[in-house]
Amino acid sequence: MRRIGDAPLVRRLLIGAALLLSALFLLLPLVAIFAQAFSQGVMVFWENVSNAFTLHAIGLTLVIALMTIPICLVFGVALAWLVTRFSFPGRRILQTLIDIPFAVSPVVAGLIYLLLYGRNGWIGGWLDSHDIQLMFAWPGILMVTIFVTCPFVARELIPLMQAQGSREEEAAVTLGASGWTTFWRVTLPNIRWALLYGIILTNARAVGEFGAVSVVSGAIRGQTNTLPLHLEQLYQDYNAVGAFASAALLALIALLTLAAKAGLEWRASRREAYT
Amino acid sequence: MSIRLQNIAKHFANTQALEPINLDIHEGELVGLLGPSGSGKTTLLRIIAGLENADRSPQPGKILFGDRDVTNVHVRDRRIGFVFQHYALFRHMSVYDNVAFGLTVMPKKRRPSNGEIRARVFRLLEMVQLQHLANRLPAQLSGGQQQRVSLARALAVEPDVLLLDEPFGALDAKVRQDLRRWLRRLHDELNFTSVFVTHDQEEALELSDRVVVMSNGRIEQIDTPDTLYRAPKNRFVFEFLGDVNHLEGRVRDGVLTCGDAHLNVDLPDGDEELLLRPHEVRLAEEPSAESHLPVTITAISPVGAEVRVELEADWLAKPWLATVRHADFERLHMRRGQRLFAHPRQWHRFKEDAKTPEQQARVA
Chain A
1 MRRIGDAPLV RRLLIGAALL LSALFLLLPL VAIFAQAFSQ GVMVFWENVS
51 NAFTLHAIGL TLVIALMTIP ICLVFGVALA WLVTRFSFPG RRILQTLIDI
101 PFAVSPVVAG LIYLLLYGRN GWIGGWLDSH DIQLMFAWPG ILMVTIFVTC
151 PFVARELIPL MQAQGSREEE AAVTLGASGW TTFWRVTLPN IRWALLYGII
201 LTNARAVGEF GAVSVVSGAI RGQTNTLPLH LEQLYQDYNA VGAFASAALL
251 ALIALLTLAA KAGLEWRASR REAYT
Chain B
1 MSIRLQNIAK HFANTQALEP INLDIHEGEL VGLLGPSGSG KTTLLRIIAG
51 LENADRSPQP GKILFGDRDV TNVHVRDRRI GFVFQHYALF RHMSVYDNVA
101 FGLTVMPKKR RPSNGEIRAR VFRLLEMVQL QHLANRLPAQ LSGGQQQRVS
151 LARALAVEPD VLLLDEPFGA LDAKVRQDLR RWLRRLHDEL NFTSVFVTHD
201 QEEALELSDR VVVMSNGRIE QIDTPDTLYR APKNRFVFEF LGDVNHLEGR
251 VRDGVLTCGD AHLNVDLPDG DEELLLRPHE VRLAEEPSAE SHLPVTITAI
301 SPVGAEVRVE LEADWLAKPW LATVRHADFE RLHMRRGQRL FAHPRQWHRF
351 KEDAKTPEQQ ARVA
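Heads up: the sequence lines are chains A and B, in that order. Its first residue numbered 1, the first sequence is counted upward by one per residue in the UniProt record's numbering. Its first residue numbered 1, the second sequence is counted upward by one per residue in the UniProt record's numbering.
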């Protein structure tokens, strides 16, 4: 007997359609980015990339990502721990609140931060009188980046930690382990793959975030321009090669992230097959 | 080390999981906590372990290990060994590392040297007959092997008391039997005080020095398996410890009548319910002067030392179960659909209203 949908014609049609769509919507644009970036030769590409403003944008983007990741990591682990290991009133509401950054448009998030922490904002006014500037400076960019990326780690961990339960941790404690030892030797090894996966997603989003950052950064070249903002400016200035050179860099970071993610998934599946 | 519980109670939100309980467990004793699910037995075990806190109000209870008051001592300092129902082995650690865990997390002052840890772990693995699997991961072991690892892991830290939560619940029948005997031997050899939770009466009766029967957060009876089975204090204990046949009817002038069935009893007039164990039902071809209980055989299971026969009759609300010797089974040529007469050898009766439940047994 043949399974439903297993006729050779149906199979070829479906696979063909999938390949065609992937090529049109995923592969072709990616190729186009690199083609455009190198359209006037490697030297022009290199000139654009090694431009001082571009270098600064790359640096700022990476620094923001590097600062975002540890903060989201600690926040995500603590939140997942809280939600899966304790029961308290409001637990469900908290679990729903985690998703707010996913539900809200990043531009709206940026505007809210501007409203709160900008010079005329509720908190910003007070900060301004103490000579602290958050908006239109790197702290603002960091704040909104954290806002849009903070659910990733917790979202990865919560289902896993729920499924694993707290029995192993209880066992560790009955054997005399301290809370810290239990976390390092029992909890962390059990969640490490999900944790890495969450970090990869966080990094991808932190590097590529445009909407929220564009509202709060002010996009001052050489000061508060991240790579996505810089790209957009170059494009508005009719510098197609420059814009696509930056785009190629962003695409490259995305590809590396995807490769890391695929590598982790491959390792995880091998571990499962092994155990 | 002895365990003494005084006035231990537990609430979860608005439900009372445990009514105030007092319990003494002697040094070296193996005690089974037996009850249906929801009876509070696991909660009680977790309170002894310190994984759960007993209520502090209206009045705080007390837990003593020997002379040591451990009521407010954290789990990690109570010096207990806890064996979980689903083993709870550290899945990313080898069997060796699992067993060594309790020794490696000791504070530096008390921690044995690496060589000593190694020797101790292998001694324990030898005891549970798993030294050849020291490098395996838990997922590569069978359920019975995993449970033995978890026992070795709990014993590695030389606990004062060993607590086991449904230790054999997740294993198949044959492995369960073997592990049960093996645990009993181990207990007799090492002579630690242990408490285990089970919902399996047979397991509790076979393994324990004394059994604590629980229901609805209350202790119903604490006794040796033998006393428990022969002299249950109330109807719950009697019914929980084995199969029970019910005979309901009205007594008048020393005769209990139920439909076309009747039985001579020396009880005052009124409604009565008599209880019989399957082995207390004798089957014969004729009624007697004492009893007239016609039944029909509806199912026969000849497996084991005795034949289990299911009986039905229109005067019975629920079918009866009788166990018959193979010799009697053959002598009466029992078969399905056959009509016979049941003769109680003995029956029991519990008065629900009386403060101290009363059991009456008489030989018929």
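Calculated directly from the structure, the hints in this document are not laboratory data. Where is the CB? At the ideal position from N, CA and C, for every residue including glycine. Treat the hints with caution; some may be incorrect.
If you want the footprint, here are the derived chain B segments under chain A, 3+ residues with CB under 8 Å [said to hold, decoys possible]:
1) 80-88
2) 101-115
Non-contacting residues of chain B with respect to chain A, defined by C-beta distances greater than 12 Å in every case (computed) [unchecked claim]:
3) 75
4) 118
5) 132
6) 153
7) 156
8) 157
9) 270
10) 314
Right, here's what the structure says about each hint:
1. 80-88: Holds, because 6 residues of the segment 80-88 of chain B bring their Cβ atoms closer than 8 Å to Cβ atoms of chain A.
2. 101-115: Satisfied; 4 residues make the cut.
3. 75: violated, 5 Å
4. 118: holds, 17 Å
5. 132: holds, 19 Å
6. 153: Given a closest Cβ separation of 7 Å, the condition is violated.
7. 156: violated, 8 Å
8. 157: For residue 157 of chain B, whose nearest Cβ neighbour in chain A is about 6 Å away, the distance does not exceed 12 Å, so it is violated.
9. 270: holds, 51 Å
10. 314: Nearest chain A Cβ is 51 Å from residue 314 of chain B, so the label holds.
Hint violations for this structure: numbers 3, 6, 7 and 8, all remaining hints satisfied.
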